[in-house]
Every structure is written in C-alpha cells, then in structure tokens.
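Make the full structure from the sequences, and use the hints.
Protein chains: 2
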Amino acid sequence: MNQNNFCIIMAGGFGSRFWPLCDNNNPKQFIDIMGNGQSMLQNTFHRYAQVCPRENIIIVTAEGYGKRVHSQIPDLESYQVLEEPMRRNTAPCVAWAASVIESINPNANVIVTPSDHAIFGDRLFVEKMNKAIDAANRFDWIITVGVRPSNPNTKYGYIQFSESASCKDIPDLHKVVTFTEKPPIEMARQFIHTGEFFWNAGIFIWRLDVLKEAFSQYLPVVYNTLHGMGADVDRQQLLQNYTRIDSISIDYGIIEKASNVHVLEADFGWSDVETWELLYNASGKDANNNAILAGDVMTYDVKNCLVNAPGVDATIVLQGLDGYIVTANKGVLMVCQRDQQENIARFMTDYELRQHRKK
Amino acid sequence: MNQNNFCIIMAGGFGSRFWPLCDNNNPKQFIDIMGNGQSMLQNTFHRYAQVCPRENIIIVTAEGYGKRVHSQIPDLESYQVLEEPMRRNTAPCVAWAASVIESINPNANVIVTPSDHAIFGDRLFVEKMNKAIDAANRFDWIITVGVRPSNPNTKYGYIQFSESASCKDIPDLHKVVTFTEKPPIEMARQFIHTGEFFWNAGIFIWRLDVLKEAFSQYLPVVYNTLHGMGADVDRQQLLQNYTRIDSISIDYGIIEKASNVHVLEADFGWSDVETWELLYNASGKDANNNAILAGDVMTYDVKNCLVNAPGVDATIVLQGLDGYIVTANKGVLMVCQRDQQENIARFMTDYELRQHRKK
Chain P
1 MNQNNFCIIM AGGFGSRFWP LCDNNNPKQF IDIMGNGQSM LQNTFHRYAQ VCPRENIIIV
61 TAEGYGKRVH SQIPDLESYQ VLEEPMRRNT APCVAWAASV IESINPNANV IVTPSDHAIF
121 GDRLFVEKMN KAIDAANRFD WIITVGVRPS NPNTKYGYIQ FSESASCKDI PDLHKVVTFT
181 EKPPIEMARQ FIHTGEFFWN AGIFIWRLDV LKEAFSQYLP VVYNTLHGMG ADVDRQQLLQ
241 NYTRIDSISI DYGIIEKASN VHVLEADFGW SDVETWELLY NASGKDANNN AILAGDVMTY
301 DVKNCLVNAP GVDATIVLQG LDGYIVTANK GVLMVCQRDQ QENIARFMTD YELRQHRKK
Chain C
1 MNQNNFCIIM AGGFGSRFWP LCDNNNPKQF IDIMGNGQSM LQNTFHRYAQ VCPRENIIIV
61 TAEGYGKRVH SQIPDLESYQ VLEEPMRRNT APCVAWAASV IESINPNANV IVTPSDHAIF
121 GDRLFVEKMN KAIDAANRFD WIITVGVRPS NPNTKYGYIQ FSESASCKDI PDLHKVVTFT
181 EKPPIEMARQ FIHTGEFFWN AGIFIWRLDV LKEAFSQYLP VVYNTLHGMG ADVDRQQLLQ
241 NYTRIDSISI DYGIIEKASN VHVLEADFGW SDVETWELLY NASGKDANNN AILAGDVMTY
301 DVKNCLVNAP GVDATIVLQG LDGYIVTANK GVLMVCQRDQ QENIARFMTD YELRQHRKK
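Line by line, the protein sequences give chains P and C. Quick note: the first sequence uses this note's numbering, first residue 1, plus one each step. Quick note: the second sequence uses this note's numbering, first residue 1, plus one each step.
Watch out, some of these pointers could steer you wrong.
[To be verified] When the alpha-carbon atoms are kept at most 27 Å apart in a straight line, the in silico BS3-like pairs for lysine-lysine are as follows:
1) C:Lys330 - C:Lys359
2) P:Lys175 - P:Lys155
3) C:Lys168 - C:Lys257
4) P:Lys67 - P:Lys330
5) P:Lys358 - C:Lys285
6) P:Lys131 - P:Lys67
7) C:Lys67 - C:Lys155
8) P:Lys182 - P:Lys257
9) C:Lys168 - C:Lys131
10) P:Lys175 - P:Lys212
11) C:Lys285 - C:Lys358
12) C:Lys257 - P:Lys303
13) C:Lys330 - P:Lys303
14) P:Lys359 - P:Lys285
15) C:Lys175 - C:Lys257
16) C:Lys212 - C:Lys131
17) P:Lys330 - C:Lys303
18) P:Lys358 - C:Lys330
19) C:Lys303 - C:Lys285
20) C:Lys175 - P:Lys303
21) C:Lys330 - C:Lys303
22) P:Lys330 - P:Lys359
23) P:Lys257 - P:Lys131
24) C:Lys175 - P:Lys330
25) P:Lys303 - P:Lys330
26) C:Lys182 - C:Lys155
27) C:Lys303 - P:Lys358
28) C:Lys358 - C:Lys330
29) P:Lys359 - C:Lys330
30) C:Lys131 - P:Lys330
31) P:Lys285 - C:Lys358
32) C:Lys131 - C:Lys285
33) C:Lys285 - C:Lys212
34) P:Lys330 - P:Lys358
35) P:Lys330 - C:Lys358
36) C:Lys155 - C:Lys168
[What the hints assert, rightly or not] In silico contact screen, one side only, chain P against chain C (beta carbon under 10 Å); selected entries:
37) Pro20
38) Gln319
39) Gly323
40) Asn329
In short, the hints are calculated from the structure, not lab data. C-beta: ideal position from N, C-alpha, C; glycine also.
This is how it looks when you write it as structure tokens:
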C-alpha cells in the first residue's frame, strides 16, 4: 500500500431522510442504513483502509460529532477527526483537511469521498482507486468517478465525457466535457440516450499539489483563509476563519470550473442511498422481492417490502403487505407505502410536535 | 342493593386467540382487550358490583391465576378467589362456587357469568339483572340472557323461545323451547329468519336452591362430590374430588336439559369478543372506520384498521393501510390483514418455535 495515499472522508452531513432511523441528532453516516451491522461511515472507513494506511484517513465532521466518530472507529489519532465549527458545504472541509495532510506528507495522493454512499464490490473498488491514484500520479489531473446511469434520475449530477480515452493504457478514463447538476427529466433522458454521460459519484482523486493549485486558482479566499491550519488549531481562530469564507461545494467551486478533470468509469456497484427507494433498489432481495435489512422479522404473504428495524427489541410479524416500508427505532415504529415515502418528512414533523406537546 | 345477590365470575379460561396480546400465560380475561384501561375481568367485576355487594362476588379461576386476580382486583377476601386444581369446564366451577356461597348465605340469588365478554350500556345491564333476579325470586326458574342475533354466526349457541311472555308483567321473558349450539350456517340463517331465536349470552340467574336442585338432578356426581366444599378446602382433597368428576359445561350438563329455563331479552350491547373481528365490530370507530384501542398511534390514509398496541413503548406511525390489524405487545409486533386473522395461530406457533430455537 502506497504510504503517500490519503483519504478525506466528509462526514458532516445532517438531515433526517431516513426517519425514524435517522433524525437531526443521528444523521445517516452514523447509522446502519444498509443493515450490514456497520454505519455508513464505518463501511466507508473500512473500504478506504484497503487503499490508504489507516492513519492517513482524515474524517471531517460537524461540531459535536467528533465523539461519535471516535466511538464508531476506535484508535483514531486526534488529527484524524476534524470538527468544523460551522457548516460551510464541502469546499472548506476539503481545504482544511488538505492543509492537515500537507503538514504530514506534502507528496500525498488525496482521495475525497462522501461518508454515506453505498459501494458494492470492494475488490473492484480498490482496484479502481489504485488505478485512479496511478493516473493522478502520472498526470496533473483531477480524477472523478463516473457511474453508468441506469435511469434518468433528476437528483444526480451528470458528467459528459469525451469518447476517446484520456491516455492509451487507461481505456476507462475520459476527459470531462460538461457537468450538469440535477437536470430536468427530459434532459436526463437525452443524456442517457446519447451514452456520453455518467452519474457523478462524488469521489475525487488528485495529488495534493494539484488540489492546492485548484483551490488557489478557483477558491483563493477559502484556500488562503484555511491554508496552514492544523488539526489542533485554536478553535476560536478556526471559527473566525470559517465565518470569513462562503459556503460552497467543491463540485460547484472547483470541479465544474477546472479544465483538467477526467472521469474514471466505475465497474463496482454504487448508490448514494439518498432515499428509502434507493436503499430498497440497492439492497439484496428475498424470493418475494423483500429487502429485509435488519430486525427479527417473520413474513407471510409479504412482497416488495423494505424492512429495516434495528432499534426495536421485538419480533416483527408481517402478513399481507405489498410495497411497504416497515421500520422501527427507539420510540417510533413506522409502516408506510414505498410510493408514499415523500410524506415521511411530514410524519416526522407531526411526531416531533406531538412529543413537544407531551412535555 | 339486595344483600342476597351473589355472582360467580368464571375466569379460568385459557387460550391465545388475541396473540400477541394474549398467550397461554396471559389469557384474555386478564388483558385489556377492549383498550379501555381495564382487563376483561376488571370490567366484569365492576359491572356486577353494581348488582351484588362486592363481598358477594366469587371469582373462580385456574390454579396459579389466583395472584393475578388479587392483583387486578384489590381487597378481595380469600373466599372470593377460588383456584380450581384442574380444568373441568364450567359445571364443576359453578358447583364449587355455589357450595361456598351456600356457606355464606343459603338464601342467595346467584348470577353465573363469563369473565371475558363485552357489555355496552351498564345502566340497562344493571336494570336487566335486577329484573332477572326478581323473576328468579318469584319463580323456580333458571333465567338465561338472550341477545337478538344480528347475523347467522355459527360459533354461538342459539336459544329458541316461546312467543308468549313467561309472565304478564315481564314481557321480555320467554320460556325456552330449544338450545342449539353452533348450528350450520343454513340453520343459523333459518333461525334468524324465523325471529324466534336469541344468541345465548352465557349468563344464568337462579336462586341457590333452584341451582342445587338442578345440579342434584342433572349432574348428581358433580353435585355430591363438590357439595360442602368451602373456599379453604384442603387442596389435596379438592384435587382428589376434581379427578373424580367429568369435564362438562353447565350449558350441556344442565341448561340444555332442564325444563324450567326462561330467557330474558337483552337490550344492552353484548359481544363475546372471541376474535379480532368481533373486537373490531364491537369497538368504537374513528371517521375512517379505524378502531384505535390502545397505543400511541398516528395514522395517515389508514382505514378499516384495528390498532391495539398497549405493550409497546413507541409511537406507531401508520400510512396507507386498509383493513389491517396492528398490534404489539412486549416482544412481538404484528401487522396482519383482518380477513387473514385465522392464520394468527400459525404465526404464534412459528414464533414460539423460533424463540425456542434461539435458546
């Protein structure tokens, strides 16, 4: 394993899309959404630990979540867990982590990754990452990862790529032509029809010097403000610096503007698992098309259901359900039609109001 | 209140029809099936305490359930809770309790009642019981209670009654012509069509001397074996006596054979609540025809459902269910179509097997 390989895991997300498994105090990256016994963050850490030495993995999270990270992944050094003092989207997060990495190894290869996506096929994934690092070492390029789209999803970012390979010996690497974030449905259909588009998996692989150059060129205020900050920076100083910079994503701030972005086609399975429906799609099914992810569950004449109930100390007996989500966590048990899941946010609001009134 | 009024509550039933609320350790009479905050037994006791002095109510239950009775109904004297040493159906249960009553008051009027039926309209019920006791005092009759049938239920007993009133001033009391237990559906339809049949509510009102006479005539072995036994009878002796007698119901052993049985028509609501469906029918509904009996429940687009989940410490959020039973008790949560409830016994067996395997 190349000792120069580093990874920045962005684990500052919040939200409650998977209520009642998740809520604002328990965002998705810390929860075992997939029902595999590990949180999304744990899955992500262990995946990248096959590409980078453990001590080279930096996890950036939001203020207050540091303890959670340490408890989920034991034996991390303090420099490996960075708590941002306020939410400023992904660009500042990467800038600070890169600054910490520079203080350790100026010759680093840096992978930037979300903490809450699902990857299927770890061996293919590791091979692909090593290939990306190899390309990043040979060329002054920003490497992204593209997923062949299976449907015209309008919530993803699309990467148009040049037909020819970026270099002879890496036939699955292509120069990026355009980025389009969340296209209208007709446009997404057209994208898929042409065969020239990938989904953007949100993973970036670049050498540290290429990363620094990109930040100084496209986001100079972010770069100048956060550059030189270590993991043990004075918190007051850190807060002051963060208040001085804008909230901006690394995609919008750099990747979509840079001219040296290349995309490597993923052959492993990928899902951002942003919704119950995507989780259902990404999960293994039984003979009746049920994804039973967690919980002690007995089913009779149940089909097309997603069951994920890790947080309830009871056997769940289900009969005659077709197309439902059944989930339970401490305090809430929910049965909801899969095609009505957009209403779950409302159920959560109603529930919180109800809990508030009880006090 | 007439100090001669006594009541025998038969609370020895077992079974698990309402699993997971009930199981063989938690039979229906001890459970709050109706969702009114009281067990069926507590409901029954408080209902009859409006007809009989509290200290005149005798509860007969199965060996091991006595503590349960005392804990559900505080301040009972020891003679008020009789634990039968083995299950011998209802006739021996009544014979022993009558023997205990005789030792207290030989002039007793005795009401015999199940412990797990639902009665709606306590005021009408009390009036009707007093009318029955009045009739039992004036005539040497066995008075039963008949419910006007609303459908050709094949699980009930049917009482054919004489059109004319048994006596001028009690127009709702009729001589019984025939008893038919659980008729075939065509016969039940015919019964209803004639208008000459009631359902048998399983409640009997008679003077103690009439009761004794009936036992000595129709069930002399039961009578002779158990007569004279007090509440504090030696348990070994009691067991020996019980082993000597047959298992027989009071309906089959006496009521269906006696020629002096009269039936008083009930004007209060009644249900034996033997199934989830009967419980649903007997329960109050919300605007969407849901019977939400117990539990902290939030519903969205839910209709024709029965929810009774007293034993779960969670809010239950339901969306898009039509015609389901949702119930939970410590250790089990169940969602099952109302029209598939006959399968619940199988679910319970499967569950118990599963629990057994886990050990």
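Here's how the hints hold up against the structure:
Only pairs whose Cα atoms come within 27 Å are accepted, and Lys330 of chain C paired with Lys359 of chain C is accepted, the gap being roughly 18 Å. With a CA separation close to 23 Å, the supplied pair Lys175 of chain P and Lys155 of chain P stays within the 27 Å bound. Straight-line distance between C-alpha atoms of Lys168 of chain C and Lys257 of chain C comes to about 25 Å, which keeps the hinted pair within the 27 Å bound. Taken as a hint, the Lys67 of chain P and Lys330 of chain P pair is honoured in the structure, with Cα atoms around 21 Å apart against an allowance of 27 Å.
The hinted pair formed by Lys358 of chain P and Lys285 of chain C meets the criterion: a straight-line CA distance of about 24 Å does not exceed 27 Å. Note on Lys131 of chain P and Lys67 of chain P: the hinted pairing is violated, with a Cα-Cα distance of about 34 Å set against a maximum of 27 Å. For the hint linking Lys67 of chain C to Lys155 of chain C, the alpha-carbon distance of about 32 Å lies beyond 27 Å, and the restraint is violated. Proposed proximity of Lys182 of chain P and Lys257 of chain P is supported: the alpha carbons are some 17 Å apart, at most 27 Å.
Straight-line distance between C-alpha atoms of Lys168 of chain C and Lys131 of chain C comes to about 13 Å, which keeps the hinted pair within the 27 Å bound. For the hint pairing Lys175 of chain P with Lys212 of chain P, the CA-to-CA distance comes to about 21 Å; that is within 27 Å, so the pair holds. This hinted pair does not check out: Lys285 of chain C and Lys358 of chain C have alpha carbons roughly 39 Å apart, beyond 27 Å. Between Lys257 of chain C and Lys303 of chain P the alpha-carbon distance is near 53 Å, which puts this suggested pair outside the 27 Å criterion.
Note on Lys330 of chain C and Lys303 of chain P: the hinted pairing holds, with a Cα-Cα distance of about 26 Å set against a maximum of 27 Å. This hinted pair does not check out: Lys359 of chain P and Lys285 of chain P have alpha carbons roughly 41 Å apart, beyond 27 Å. Of the supplied pair hints, the one linking Lys175 of chain C and Lys257 of chain C holds, its CA atoms being roughly 14 Å apart against a limit of 27 Å. At most 27 Å may separate the alpha-carbon atoms for a hinted pair to count; Lys212 of chain C and Lys131 of chain C meet this at roughly 22 Å.
Only pairs whose Cα atoms come within 27 Å are accepted, and Lys330 of chain P paired with Lys303 of chain C is accepted, the gap being roughly 26 Å. Restraint check for Lys358 of chain P and Lys330 of chain C: satisfied, since their Cα atoms lie roughly 23 Å apart, inside the 27 Å limit. At roughly 10 Å between alpha-carbon atoms, Lys303 of chain C and Lys285 of chain C fall within 27 Å of each other, so this suggested pair holds. Note on Lys175 of chain C and Lys303 of chain P: the hinted pairing is violated, with a Cα-Cα distance of about 56 Å set against a maximum of 27 Å.
Only pairs whose Cα atoms come within 27 Å are accepted, and Lys330 of chain C paired with Lys303 of chain C is accepted, the gap being roughly 25 Å. Proposed proximity of Lys330 of chain P and Lys359 of chain P is supported: the alpha carbons are some 18 Å apart, at most 27 Å. The straight-line distance between the Cα atoms of Lys257 of chain P and Lys131 of chain P is roughly 24 Å, inside the 27 Å bound, and the hint therefore holds. Between the alpha carbons of Lys175 of chain C and Lys330 of chain P the distance comes to roughly 59 Å, so the proposed pair goes past 27 Å and is violated.
Straight-line distance between C-alpha atoms of Lys303 of chain P and Lys330 of chain P comes to about 25 Å, which keeps the hinted pair within the 27 Å bound. The suggested pairing of Lys182 of chain C with Lys155 of chain C holds, with an alpha-carbon distance near 5 Å, which does not exceed 27 Å. Using a Cα cut-off of 27 Å, the hinted pair Lys303 of chain C and Lys358 of chain P holds, with the two alpha carbons roughly 26 Å apart. The hinted pair formed by Lys358 of chain C and Lys330 of chain C meets the criterion: a straight-line CA distance of about 17 Å does not exceed 27 Å.
For the proposed pair Lys359 of chain P and Lys330 of chain C, the alpha carbon gap of about 25 Å is at most 27 Å, so the pair holds. Taking the CA atoms of Lys131 of chain C and Lys330 of chain P, the gap is near 53 Å; set against the 27 Å cutoff, the hint is violated. As the CA atoms of Lys285 of chain P and Lys358 of chain C are separated by approximately 24 Å, the hinted pair is consistent with the 27 Å bound. Distance restraint check for Lys131 of chain C and Lys285 of chain C: the Cα-Cα separation of roughly 32 Å exceeds the 27 Å cut-off, and the hinted pair is therefore not satisfied.
For a cut-off of 27 Å, the pair hint linking Lys285 of chain C to Lys212 of chain C is broken: about 44 Å separates their Cα positions. At roughly 17 Å between alpha-carbon atoms, Lys330 of chain P and Lys358 of chain P fall within 27 Å of each other, so this suggested pair holds. Between the alpha carbons of Lys330 of chain P and Lys358 of chain C the distance comes to roughly 23 Å, so the proposed pair stays at or under 27 Å and holds. For the suggested pair Lys155 of chain C and Lys168 of chain C, the alpha carbons sit about 33 Å apart, so the restraint of at most 27 Å is broken.
A distance limit of 10 Å between C-beta atoms decides the matter here; for Pro20 of chain P the minimum to chain C is near 8 Å, and the interface restraint holds. For the restraint placing Gln319 of chain P at the interface with chain C, the shortest Cβ-Cβ distance is roughly 4 Å, inside the 10 Å limit, so the hint holds. The criterion of a C-beta within 10 Å of any C-beta in chain C is met by Gly323 of chain P, whose closest approach is roughly 9 Å, and the hint holds. Annotation: Asn329 of chain P was flagged as interfacial toward chain C, and the flag holds, the nearest CB pair being 8 Å apart, inside 10 Å.
In this structure, the hints that do not hold are numbers 6, 7, 11, 12, 14, 20, 24, 30, 32, 33 and 36, in rising order.
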